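The whole structure should be built from the sequences, with the hints applied where relevant.
UniProt numbering applies: residue 1 is where the sequence shown begins, and numbers increase by one.
Hints were generated in silico from the structure; no laboratory data involved.
Please note that the accuracy of each hint is not assured.
As the list claims (entries may be wrong) - Distance condition first, Cα-Cα at most 25 Å in a straight line; then the derived BS3-like pairs of lysine-lysine:
id: 1; residue 1: K156; residue 2: K54
id: 2; residue 1: K378; residue 2: K421
id: 3; residue 1: K260; residue 2: K339
id: 4; residue 1: K355; residue 2: K339
id: 5; residue 1: K245; residue 2: K395
id: 6; residue 1: K183; residue 2: K225
id: 7; residue 1: K255; residue 2: K395
id: 8; residue 1: K421; residue 2: K340
id: 9; residue 1: K355; residue 2: K395
id: 10; residue 1: K183; residue 2: K119
id: 11; residue 1: K421; residue 2: K245
id: 12; residue 1: K255; residue 2: K288
id: 13; residue 1: K22; residue 2: K225
id: 14; residue 1: K191; residue 2: K124
id: 15; residue 1: K288; residue 2: K119
id: 16; residue 1: K245; residue 2: K378
id: 17; residue 1: K255; residue 2: K269
id: 18; residue 1: K255; residue 2: K225
id: 19; residue 1: K191; residue 2: K328
id: 20; residue 1: K378; residue 2: K255
id: 21; residue 1: K255; residue 2: K124
id: 22; residue 1: K255; residue 2: K328
id: 23; residue 1: K124; residue 2: K139
id: 24; residue 1: K378; residue 2: K339
Stated by the list, open to error - Simulated restraints on C-beta separations:
id: 25; residue 1: K465; residue 2: R228; range: 19 to 27 Å
id: 26; residue 1: L181; residue 2: D243; range: 40 to 48 Å
id: 27; residue 1: S75; residue 2: L114; range: 16 to 24 Å
id: 28; residue 1: R273; residue 2: Y477; range: 33 to 41 Å
id: 29; residue 1: K395; residue 2: I108; range: 35 to 43 Å
On a predicted model such as this, the values are computed, not experimentally measured, just so you know.
All residues carry an ideal CB built from backbone N, CA and C; glycine is no exception.
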Amino acid sequence: MQQRVISVSNGVTRHPLYRMGKPVDFCLNAGEQLAVVGPNGGGKSILIDIITGKYPLLMNEVAYDFSPSSSNLVSDNLRYITFRDSYGDADGSYYYQQRWNSQDTENIPVVGDLLPQCKDEQLKESLYTLFRIEEMLQKPIILLSSGELRKFQLTKTLLSGPRVLIMDNPFIGLDAGTRDLLKSLLAELIKVIGLQVILVLSKSDDIPDFITHVITVENMICGEKLPRSEYQGVSVPERLLSDEKIQAILDMPYKDNLYKAANVVKLNKVSIRYGERTILRELDWTVKCGEKWALSGENGAGKSTLLSLVCADNPQSYACDITLFDRKRGSGESIWEIKKHIGYVSPEMHRAYLKNIPAIDIVASGLHDSIGLYKRPKEEDREVCLFWMDIFGVKQLADRSFLQLSSGEQRLVLLARAFVKDPELLILDEPLHGLDLYNRRLVKDVIETFCRRNDKTMIMVTHYKEELPACITDSLYLVRNR
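Put into structure tokens, the structure is as follows:
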């Protein structure tokens, strides 16, 4: 009989809040490599929480057989990297602009202090080379870019030598070269040390070649495990946003307090340094009104740092020659005057939302440029919030607690937050993170429609060229400064 490494039979969680639509039957056999796919909010994360033992079951508990491992403890053999990246312990002390405030790093551990010892020197060398860990060893964990943080987490987890590794969307946030190298490394580890992998993928078109079986989870039901060759994939229409919603976006009235500026962003020989590390070196860049820019570059090249300057979140911006909306930074305008005209979403912002408040309050916070809103929005504000939540397909989640939503649903809520004030400048830092094929197409439709409005300017970051909307007019590629 084939060894069952992890198995669940007729599994029903004791807590009704975390129950799937049907009892769960799941099995990972020895030698299998699984991809768990399905739509946002379909139940993928709850299934993984069940098979990792997070939620106790009513009758039949999860069965594990990690042989030939010397230990059968789940904690010794199974590792799970979740979608929500965090800087070390999720103790609530992280705040949105903390990454840019270098004075707040004094008591923050550096990367080298947080990596475990590893007896397998060859594995360690492979990981350090793949993820350029040597360059990050003395870097405070809080200063890592979103992509660098993901590389650190993967290295930390793989150095611990798991028998089974579960990864939630491991390839998002990584540049194209690193994605390919990570897939090759995992394939090698599977072959050499017998590692078994379960990938939870929102991008079901990104299944690596080493995957042997696929399980689809949708409508809170765990589907049948299929051989990779029998998995049909998902087809999505070329356009998802309805004509009615397209027209509703185009017909929105324009505000009276719009900035009229020829140059929305103008940087003159801008340099950013943290200690001995140079992030940006004498960068000249002008974004004219109505342009739509694609901002790209390797992990750690400074993309998010550049955007933090534009959004007035980085204190070093006041020492730089920066002009926004034809107004020179430091000439008397406040941060809040600038932010009134900018809609922004980013991985850093996603991490900063740790409060268990209704989703509509998250959207409403975009009207006031606050991270978290602790009062109910006014009725007129509620209407515009519900409008944008409807555009992004999450209106039905308005009164649900934000932290009870799936990661993809959270990202859609944060996107609604970015659009809610009809900003002149839209800054989208990896906006399609964690979204399934359907929602990626929907969000592209929304972006393309919004950019048809008068005098809308956009800067968008993504590591997937196919995620760029058709309206892109210009591009900037940043090269890493060491």
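Here's how the hints hold up against the structure:
The suggested pairing of K156 with K54 holds, with an alpha-carbon distance near 21 Å, which does not exceed 25 Å. At most 25 Å may separate the alpha-carbon atoms for a hinted pair to count; K378 and K421 meet this at roughly 14 Å. Pair hint K260 plus K339 holds up; C-alpha atoms about 15 Å apart against a cutoff of 25 Å. At roughly 22 Å between alpha-carbon atoms, K355 and K339 fall within 25 Å of each other, so this suggested pair holds.
Taken as a hint, the K245 and K395 pair is honoured in the structure, with Cα atoms around 14 Å apart against an allowance of 25 Å. At most 25 Å may separate the alpha-carbon atoms for a hinted pair to count; K183 and K225 meet this at roughly 22 Å. For the proposed pair K255 and K395, the alpha carbon gap of about 24 Å is at most 25 Å, so the pair holds. Restraint check: the Cα-Cα separation between K421 and K340 comes to about 8 Å, which is no more than 25 Å; the hinted pair holds.
Pair hint K355 plus K395 holds up; C-alpha atoms about 19 Å apart against a cutoff of 25 Å. A threshold of 25 Å between alpha carbons decides the hint, and for K183 with K119 the separation of about 23 Å falls inside it, so the pair holds. Distance hint between K421 and K245 is fulfilled; the C-alpha atoms sit about 17 Å from each other, no more than 25 Å. Only pairs whose Cα atoms come within 25 Å are accepted, and K255 paired with K288 is accepted, the gap being roughly 20 Å.
At most 25 Å may separate the alpha-carbon atoms for a hinted pair to count; K22 and K225 meet this at roughly 15 Å. Restraint check: the Cα-Cα separation between K191 and K124 comes to about 17 Å, which is no more than 25 Å; the hinted pair holds. Taken as a hint, the K288 and K119 pair is broken in the structure, with Cα atoms around 54 Å apart against an allowance of 25 Å. Between the alpha carbons of K245 and K378 the distance comes to roughly 24 Å, so the proposed pair stays at or under 25 Å and holds.
Between the alpha carbons of K255 and K269 the distance comes to roughly 34 Å, so the proposed pair goes past 25 Å and is violated. For the given pair, K255 sits about 53 Å from K225 by alpha-carbon distance, which is inconsistent with the 25 Å threshold. A hinted pair counts as satisfied when its Cα atoms are at most 25 Å apart, and K191 with K328 does not qualify at roughly 57 Å. As the CA atoms of K378 and K255 are separated by approximately 18 Å, the hinted pair is consistent with the 25 Å bound.
At most 25 Å may separate the alpha-carbon atoms for a hinted pair to count; K255 and K124 exceed this at roughly 56 Å. A threshold of 25 Å between alpha carbons decides the hint, and for K255 with K328 the separation of about 23 Å falls inside it, so the pair holds. Taking the CA atoms of K124 and K139, the gap is near 18 Å; set against the 25 Å cutoff, the hint holds. For the proposed pair K378 and K339, the alpha carbon gap of about 20 Å is at most 25 Å, so the pair holds.
Hint check: K465 to R228, Cβ distance near 25 Å, so the stated range 19 to 27 Å holds. Separated by about 43 Å at the C-beta atoms, L181 and D243 satisfy the suggested range of 40 to 48 Å. Separation of S75 from L114 is about 18 Å and conforms to the stated range, judged on CB atoms against 16 to 24 Å. R273 and Y477 have their C-beta atoms about 21 Å apart, which leaves the hinted 33 to 41 Å range violated.
At about 39 Å, the CB distance of K395 to I108 agrees with the hint of 35 to 43 Å.
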